[in-house]
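Asker: If you want the building blocks of each chain, they are given just below.
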Amino acid sequence: MKKKVLKKIVTASYSKKNELDKEQVDIISGYLTRRELRDYIRALKQIEKKKHLFVDMSFSPTPEQEDLLRKQFSGKDVVFQVDPDLLLGVRITDNDIVYDMNLQRTLDAIEEFIEQQYD
Amino acid sequence: MIKSDEIISLLEHRLRDFSSDLKAQNVGVVETNNDGVLRVSGLSQAMMGEMVDLPHGAQGVVLNLAEDTVSVILLSSGTQIREGDSVKTTGRLLSINASDQLLGRVINPLGTPLDGKAKAKQGKDMPLEKIAAGVIEREPVDTPMRTGIKAIDAMIPIGRGQRELIIGDRGLGKTAVAVDAIINQKHVQKGTKRVVCVYVPVGQKQSTVAQIIGRLQEENAMDYTIIVAANASDPASLQYLAPYAGVAIAEYFLEKGEDVLIIYDDLTKHAWAYRQLSLVLGRPAGREAYPGDIFYLHSRLLERAVKLNEKNGGGSITALPIIETQANDISAYIPTNVISITDGQIFLESDLFNAGVRPAINVGISVSRVGTAAQTGTMKSVAGKMKLELAQFRELAAFAQFGSELDPETQKQLERGRRITEIFKQPQYRPMTEQDEVIDIMAVTLGFADDIPVDVIQRFILELREHINRNNKKFIEKLTTGEKVNDSVKEEFEKIVTAFKKGFKV
Chain A
1 MKKKVLKKIV
11 TASYSKKNEL
21 DKEQVDIISG
31 YLTRRELRDY
41 IRALKQIEKK
51 KHLFVDMSFS
61 PTPEQEDLLR
71 KQFSGKDVVF
81 QVDPDLLLGV
91 RITDNDIVYD
101 MNLQRTLDAI
111 EEFIEQQYD
Chain B
120 MIKSDEIISL
130 LEHRLRDFSS
140 DLKAQNVGVV
150 ETNNDGVLRV
160 SGLSQAMMGE
170 MVDLPHGAQG
180 VVLNLAEDTV
190 SVILLSSGTQ
200 IREGDSVKTT
210 GRLLSINASD
220 QLLGRVINPL
230 GTPLDGKAKA
240 KQGKDMPLEK
250 IAAGVIEREP
260 VDTPMRTGIK
270 AIDAMIPIGR
280 GQRELIIGDR
290 GLGKTAVAVD
300 AIINQKHVQK
310 GTKRVVCVYV
320 PVGQKQSTVA
330 QIIGRLQEEN
340 AMDYTIIVAA
350 NASDPASLQY
360 LAPYAGVAIA
370 EYFLEKGEDV
380 LIIYDDLTKH
390 AWAYRQLSLV
400 LGRPAGREAY
410 PGDIFYLHSR
420 LLERAVKLNE
430 KNGGGSITAL
440 PIIETQANDI
450 SAYIPTNVIS
460 ITDGQIFLES
470 DLFNAGVRPA
480 INVGISVSRV
490 GTAAQTGTMK
500 SVAGKMKLEL
510 AQFRELAAFA
520 QFGSELDPET
530 QKQLERGRRI
540 TEIFKQPQYR
550 PMTEQDEVID
560 IMAVTLGFAD
570 DIPVDVIQRF
580 ILELREHINR
590 NNKKFIEKLT
600 TGEKVNDSVK
610 EEFEKIVTAF
620 KKGFKV
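Protein sequence lines, in the order shown, are assigned to chains A and B. The first sequence begins at 1 in the working numbering and counts up by one. The second sequence begins at 120 in the working numbering and counts up by one.
Just chain B, with the same shape it has in the complex (with noise of 0.2 Å):
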């Protein structure tokens, strides 16, 4: 609560510099209003993505810089701007206010809080347009950025500082696949930083966007989460700046040497609400009706994605962005666009998640050109070999369709590719943590799950991981070192699942 004693004091600081303060702004007068873009004649002085304020405390941005005139999209409702009402320049570009307080909140792109609770204190202002860091200031991938997902880590690791695409049709687990890795982002691992998401749902439905919020809180996630919404209902201005608004935030963070996981849910909306506004604007459309910057707006977007060397700070921000495909059409304009964009793309298929293979992530096409190197010794060791034996399998599966004889060894390698299969299984909000992920994986590899029917798997895998870290916890901790799995802690585990077989009922 202010004193009084401090608005008397502020009140005569200011007052002494009355005479000396000059203020030139750039007034305009509104000539109409069109679907939340307004054309505004003056603002002479106007820039490019200046803010301007307008009556009834609403206010805009500068799109368009004409001859005579200025086009303004409108970040509230313009219901009430007429005709004739003036318009002011700020003299800011677009920034948000950012600042540690804003961990466990929600706010719209322009800093507004929407979950009931008082604004953020001041902090920092964080431009919304900001060029990428230069190559010199980066550095290479190579500290692991864990989902908790088995089929993820170990096949199609992601690094901090990368941006790995998700994508799929609609109703696949993308989000969810979003929402696991923030969850799991709750567990430290020895030696690395703690991680700060920033979630960013774009034109979603406020109810699912309300159920993902509260499935965080559930999980105790919200403390080291940013949820900067713009939704359906939002106009298309917000949409189009929420993304620039989420990495804004996750900027304030980088510079304090952290790391961060921003997830855009999804571009494709954020490309709708861009084209939309574009086409109001009066600007030229290409394909599909997009306008033809479309490919900078994604571009410029994930090239904040960053890795920083130690004397930049260290910190990275890691972007997760996920593009919804039409009848799994990867060919298709927009996620052609940000394909070519980002470092690796985890797919997600109807028929994968139809046969009940969930998440339905086709490790075959997926990909992370990042590879091991956002991988410890430890998962790298064990990984290594299942990634081939389930290229094997693959190539192997369409001849299980036939019914013929098979030899032993086909016979074989189809069945450990089956199990593998039933392993990358995984309940939603449940990630995993390395150790478990790798005692699954080797239980496989090693052999030890092959004389375990295929419908049991998961029974077993689950009660093998339970026995070993209620009985044997140094085993764990030899897991946590991240050295590679070597010829000692091969037999150690030989040892542990021989035993534990024993009193295992199929």
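Just chain A, with the same shape it has in the complex (with noise of 0.2 Å):
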């Protein structure tokens, strides 16, 4: 499928709320080859996956953590995830880009550094 195509279906897929319309992938799905349906369904998760920002935390936030989060980064759906292996801090994922504020990275670095410069 031609990318400018691709991107007309995906674009019509949306409401104007700016959500996913089922109805909308139903009908146009119907209409897709098997590997077309597969580059569409990439691009949809593509552009959810730009719609939402995740922050793993390894502790539960406080609402007013929560509201600055949502404050710094309007625009996006903020989920917010603990994940007590990051020992300390926090890790936010937008997209592909990650911020690693962690003590468990940061334990990672020391290690990598130790091995670098020791037998």
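For the record, the hints were derived by calculation from the structure and aren't laboratory data. Please note that the accuracy of each hint is not assured.
[What the hints assert, rightly or not] Simulated DEER-style distance windows between Cβ atoms:
1) D154/B / Q46/A: 57 to 63 Å
2) K76/A / G405/B: 42 to 48 Å
3) G242/B / K51/A: 58 to 64 Å
4) P232/B / E36/A: 48 to 54 Å
5) Q24/A / P232/B: 56 to 62 Å
6) Y99/A / H175/B: 21 to 27 Å
7) P232/B / V79/A: 31 to 37 Å
8) H175/B / K51/A: 27 to 33 Å
9) L103/A / G405/B: 50 to 56 Å
10) M167/B / Y99/A: 20 to 26 Å
11) V79/A / A143/B: 14 to 20 Å
12) D412/B / A109/A: 49 to 55 Å
A virtual CB, placed ideally from N, CA and C, is assigned to each residue, including glycine.
With the hints as a guide, dock the two chains, each given alone in a separate frame, to form the complex.
Answerer: Shown next, in the form of structure tokens:
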């Protein structure tokens, strides 16, 4: 499927409120071949990924912390997740950019540094 | 062994900066994995040539930037990489860690040791891709890079900072010429710097590389040599990167003002590896299915061979690229490309090899564009006459086959030519000092070997050299000055040879 055509049908799959229209998706997917359907689904996933922002924290955030982050990233749907493996700090995933500010990453970096410097 | 106090202070130092230690990484997802090339979605911030981290400790390099996807070549086996795996950018371009500790080591293009020893301690990260030094930073090539092979040092002299191509069919001794050049660097000439050697086997059999390493160790040449190996069983990505890793290490020593000799063995296989990568990356195929930038692949590599001026350190990188031809066809695509880039070529011919002339160098069509600027005065003064006599011999050689009666002058030229051809034969792994080369050449060009049968010439010059080295050390010292051979030196040589010939049995 040509990229222009794919872009058109993906745009047509969203309502005016910029939400995925289930009815439209059902209609469109009925006309697509298996390969085209795969590309269509991949394109929809990419757009959904861009709309969301994932915040992983080592503990449950307070309402004030949630508000602060939502204000920082207005225009995105902020999803909060708890990940104890981070030990301390936060990891923010914005589409394909990851902001790492956590103790686990620091310890990994120290381990790598020691491995490189010493026998 | 790291002490526990050091670990604690390191942790404290790192944790002090913890709160302000922000790092943004670009993360993508693997869509496909084909023949060592990954197509990755995301990675919108990836740079061309940037290294990426993959699961299971694998690494890759970004080589294609498309609208929605990025193509990454794997630097190791990719069998564990699956669709959906995450790929992270590192913010670093491809580089190799270089230090003095690499001398004597065998590594792969990523710096991983292949000789079973521990990894060398952290040195300086040298980029694999780098723009070569500009015109202003360079100076003309004027210092000899001696290979220890008579035919080359006399007729096709190589200078430090030059690019001299070694070209010929398989099995003619191209690698042997290169290895002899490395072995010869253990003799550091008076007034010159030591030469660090970097040998880059690309796509070679591991048994062949092991043989070469063994020989270099026997000759104590590994003390100043680094081997950057990408063997035939390594991925095409490593074979593509190996020459660049080698020259990056050479540039580490260049920046310290040292002289380096780098040998690429061979660039034909390098071109094959790049062709494979380009076809899998979906780049358009050109002549012989090579990509359109195949010339640039080698030109940017060989341009990094340089002779820097004193203001920029005075170091040099001399490159000896090797190209394998098929049926002596030097007009093929890759050979013509590399011939047009280099500053000369050494042709090895199968006819000469089969006729017993080894090294099988065709001095008639071999060229060094630097020429006598890369020779000492001593060698220049004795080799010039020989070149002329050899040229005359080649012109007359065809007549000799007719068997017709020739005039005495022609006969004399033919006999002289045969003797010169004979002295150019040299055993493998026996590089010679300049003094010994000059003795051999003078013995023939001054006519002292004219009455020695051709089949005895080798023994004659060998015994003459041994005689002079044993009994006439002062004469040897006169040949080390680098000055032109004058009449008094010639007279002294005549006396020595005359005395020697009295005891020499044909």
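Asker: Now tell me if each hint is right for this structure.
Answerer: Structure-based check of each hint:
| no. | hint | verdict |
| --- | --- | --- |
| 1 | D154/B / Q46/A: 57 to 63 Å | violated (25 Å) |
| 2 | K76/A / G405/B: 42 to 48 Å | holds (46 Å) |
| 3 | G242/B / K51/A: 58 to 64 Å | violated (46 Å) |
| 4 | P232/B / E36/A: 48 to 54 Å | holds (50 Å) |
| 5 | Q24/A / P232/B: 56 to 62 Å | holds (59 Å) |
| 6 | Y99/A / H175/B: 21 to 27 Å | holds (25 Å) |
| 7 | P232/B / V79/A: 31 to 37 Å | violated (45 Å) |
| 8 | H175/B / K51/A: 27 to 33 Å | holds (31 Å) |
| 9 | L103/A / G405/B: 50 to 56 Å | holds (52 Å) |
| 10 | M167/B / Y99/A: 20 to 26 Å | holds (24 Å) |
| 11 | V79/A / A143/B: 14 to 20 Å | holds (19 Å) |
| 12 | D412/B / A109/A: 49 to 55 Å | violated (37 Å) |
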